[in-house]
Every structure is written in structure tokens, then in C-alpha cells.
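Using the hints provided, position chain B relative to the given structure of chain Z.
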Amino acid sequence: MSLTAKDKETVKAFWAKVAPKAEDIGQDALSRMLAVYPQTKTYFSHWKDMSAGSAPVKKHGATVMGGVADAVTKIDDLTSGLLSLSELHAFTLRVDPANFKILAHNILVVFAIKFPTDFTPEVHVSVDKFLAALARALSEKYR
Amino acid sequence: MVKWSDFERAAIQDIFSKINYDVVGCAALSRCLIVYPWTQRYFGSFGNLYNAAAITSNPKVAAHGKVIMAGLEKAVKNMDDIKTTYKDLSVLHSEKLQVDPDNFNLLADCLTIVVAGQMGAAFTPEVHGAFQKFLAVVVASLRKQYH
Chain Z
77 MSLTAKDKET VKAFWAKVAP KAEDIGQDAL SRMLAVYPQT KTYFSHWKDM SAGSAPVKKH
137 GATVMGGVAD AVTKIDDLTS GLLSLSELHA FTLRVDPANF KILAHNILVV FAIKFPTDFT
197 PEVHVSVDKF LAALARALSE KYR
Chain B
22 MVKWSDFERA AIQDIFSKIN YDVVGCAALS RCLIVYPWTQ RYFGSFGNLY NAAAITSNPK
82 VAAHGKVIMA GLEKAVKNMD DIKTTYKDLS VLHSEKLQVD PDNFNLLADC LTIVVAGQMG
142 AAFTPEVHGA FQKFLAVVVA SLRKQYH
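Residue numbers (this note's numbering), protein chains in the order written: chain Z, 77 to 219; chain B, 22 to 168.
If we strip away everything but chain Z, and leave its shape as in the complex, we get (with noise of 0.2 Å):
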């Protein structure tokens, strides 16, 4: 399931729709998945707050979508792209590698939210590809 030159095209160009918009989309991504998959909180158990609108998830909601333009541009070859983050994922994190599955379905969420007609399911499609084609990436360093 790679990216094809037309999935490439179809996510820069809505990227570059939803980029002013990057930091919110991320606090709200972020907030939905801790909300609706309480499970994903164990990896925040050192902050103070993890509420919605809190500041360490509107922090980090930023550090992620920052995360996504980086790969935004690294498309062509998002593995070698990614590797540092791989790493920092793998050995240092731990994030199990299901969860990237659950925070990319909230994205979507919040993008159907905020962009309603611009995220049509052609669009739908390549983006979940692209977001599932990072999560591999980012992956790649676990084992």
C-alpha cells in the first residue's frame, strides 16, 4: 500500500490547506485520542493535567503536527526521513507502534471537523495512506 504520485500530490496540497491551522488540529487530535482511548494516558502519566485545552496537551499536540509537516516534506522517502524519530520512538518512548494507528484515526476526525468539504474520501484515502506510511516509519527501529 505505498503512496502513489497521486497521493503524494493530493496530501501536499491539502497540507498546505491545513497548516495554518496545524497547532489546533494537533491539541484537538491529541485531546480526542486520551479522551476516547483512555488507554493512550499511560504515556502521559507525568503530566500535571491532561485535559482538553491543558497546556502540556496543547504543547504537545504542536510538537506532534510539527512531527507530520517534517514527514510532509520527507514523502519521497519517509523511512530515511524518519529515522531519528524512529529511533527516539523505539528505544526511548516506547510507544507501541498500535497506538499510531488510534492517534492518525483521530486526526482524521478532527480534519472531517475542521475541513469538511476539503476532506472529501479522495482525499480521506491518501491522507490515511500517508499517516499510515509514517506510522511505518516511524516504526521501522523497534525490532
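Calculated from the structure, these hints are not laboratory results.
Glycine included, C-beta positions come from ideal geometry on N, C-alpha and C.
Some hints here could point you the wrong way.
Said to hold, decoys possible - Here are the computed distance ranges between Cβ atoms for each label pair:
id	chain 1	residue 1	chain 2	residue 2	range
1	B	GLU147	Z	ALA92	40 to 46 Å
2	Z	LEU164	B	VAL112	27 to 33 Å
3	B	PRO80	Z	PHE167	50 to 56 Å
Stated by the list, open to error - As a list, the in silico DSS-like pairs of lysine-lysine whose alpha-carbon atoms are at most 30 Å apart:
id	chain 1	residue 1	chain 2	residue 2
4	B	LYS154	Z	LYS134
5	B	LYS81	B	LYS108
6	B	LYS98	Z	LYS97
7	B	LYS81	B	LYS24
8	Z	LYS205	Z	LYS124
9	Z	LYS88	Z	LYS190
10	Z	LYS177	B	LYS104
11	B	LYS39	Z	LYS177
12	B	LYS87	Z	LYS205
13	B	LYS154	Z	LYS135
14	B	LYS104	Z	LYS205
15	B	LYS98	B	LYS81
16	Z	LYS124	Z	LYS97
17	B	LYS39	Z	LYS190
18	B	LYS108	Z	LYS97
19	Z	LYS124	Z	LYS135
20	B	LYS154	Z	LYS124
Claimed, not checked - If the Cβ cut is set under 7 Å, some of the chain Z residues that face chain B in the computed set are:
id	residue
21	ALA95
22	ALA98
23	VAL112
For chain B alone, kept in the frame of chain Z given last:
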């Protein structure tokens, strides 16, 4: 036995009273067939599913979207015993239609995304959580009679 909080019960009833069944059913099923094309395997008799435009304008897809929403409405009306309400539907999906139950989650994800798009900001994280819990119960009930 699934326990629903007052908030969850109200949220589910509210969602289903607000969404347009015809729009949501068709849009969710179309998205499922487009985003997860292998799900088309169950719809060989539906004719033209060759591209996104064909799928979204296919009358059989729209009709089947309505069937799905009618099924969900049964669950909304019997929230305290979806398992029993869905017993025959589960047998239908496992024995007659022979649908891989993992596909239920794919459709559920598409339903969430379509409802989110329809409701906009009203689909808060709490409402979102209630909706996904409802769909999880629906999916589990549909899986129940698979052997």
C-alpha cells in the same frame, strides 16, 4: 451488560436525532468502499464501483447506506441490550454474508468521520467518545454469533 452514563445516553440519542440518515449512511458506506477498497468484495452485485465518483453516485450504495442506518437505529432504540437486538443480524453477517468482522471497525471509523464532519464543533471529544463507545458495542454485538 454495558453501562451507559446519562451523558452518553443523551449524546447518542442527540446525534441520531440530528443527523440526516440518508446522507450519513451513503457517505459512510461510500467512504468505506473508497478508503478501504478491499471491502468492495462484499458488493459484487452493486455494479459500477470503479472510482470514487462512481461509488458516491451509485444508487445501490445509497440504498444500502439506508439499510445500515436502519440497523443502527435499532441499536439506538435498544441501547440496554444491543447484543440480543443484534442476534439475528450477527448470524446473517457471519453465516450468510460471511463478512470478515474486522471490516465492521473500518465502517465504524468511516461513520465516525462522517458524523464528525456533519456535526462540526458539536462533536466534542466527550460526544466523540460516547459515539465510539456506542459503535464498539454495536461491533461487538455483530461479532457475537461468529463461530
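Please verify whether LYS177(Z) and LYS104(B) have alpha carbons no more than 30 Å apart. Judged against 30 Å, a Cα distance of about 27 Å means the pair holds.
Interface hint outcome for VAL112(Z) [beta carbon to chain B under 7 Å]: Since chain B brings a Cβ to about 4 Å from VAL112(Z), closer than 7 Å, the hint holds.
Between LYS98(B) and LYS81(B), is the straight-line Cα distance small enough, at 30 Å or below? 26 Å, holds
Check whether the Cα positions of LYS205(Z) and LYS124(Z) lie no farther apart than 30 Å. Violated: LYS205(Z) and LYS124(Z) sit about 34 Å apart, past 30 Å.
Holds or violated: the 27 to 33 Å window for the beta-carbon distance between LEU164(Z) and VAL112(B)? Between LEU164(Z) and VAL112(B), where Cβ atoms are some 48 Å apart, the hint is violated.
Check the hint pairing LYS124(Z) with LYS97(Z) against an upper bound of 30 Å on the C-alpha distance. 26 Å, holds
Has the hinted range 40 to 46 Å been met by the Cβ atoms of GLU147(B) and ALA92(Z)? Since the Cβ atoms of GLU147(B) and ALA92(Z) sit about 32 Å apart, the hinted range of 40 to 46 Å is violated.
Taking only the CA atoms, is the gap from LYS104(B) to LYS205(Z) under or equal to 30 Å? 33 Å, violated
Tell me if the straight-line CA distance from LYS87(B) to LYS205(Z) falls inside 30 Å. 28 Å, holds
Check whether the Cα positions of LYS98(B) and LYS97(Z) lie no farther apart than 30 Å. Roughly 38 Å between the alpha carbons, so the hint for LYS98(B) and LYS97(Z) is violated.
If you take the shortest Cβ to Cβ gap from ALA95(Z) to chain B, is it below 7 Å? 20 Å, violated
30 Å limit on alpha-carbon distance, applied to hinted pair LYS81(B) and LYS24(B): The given pair, whose Cα atoms are some 36 Å apart, is violated under the 30 Å limit.
Figure legend: structure checked against the earlier numbered hints; hints not met, in rising order: 1, 2, 6, 7, 8, 14, 18, 21 and 22.
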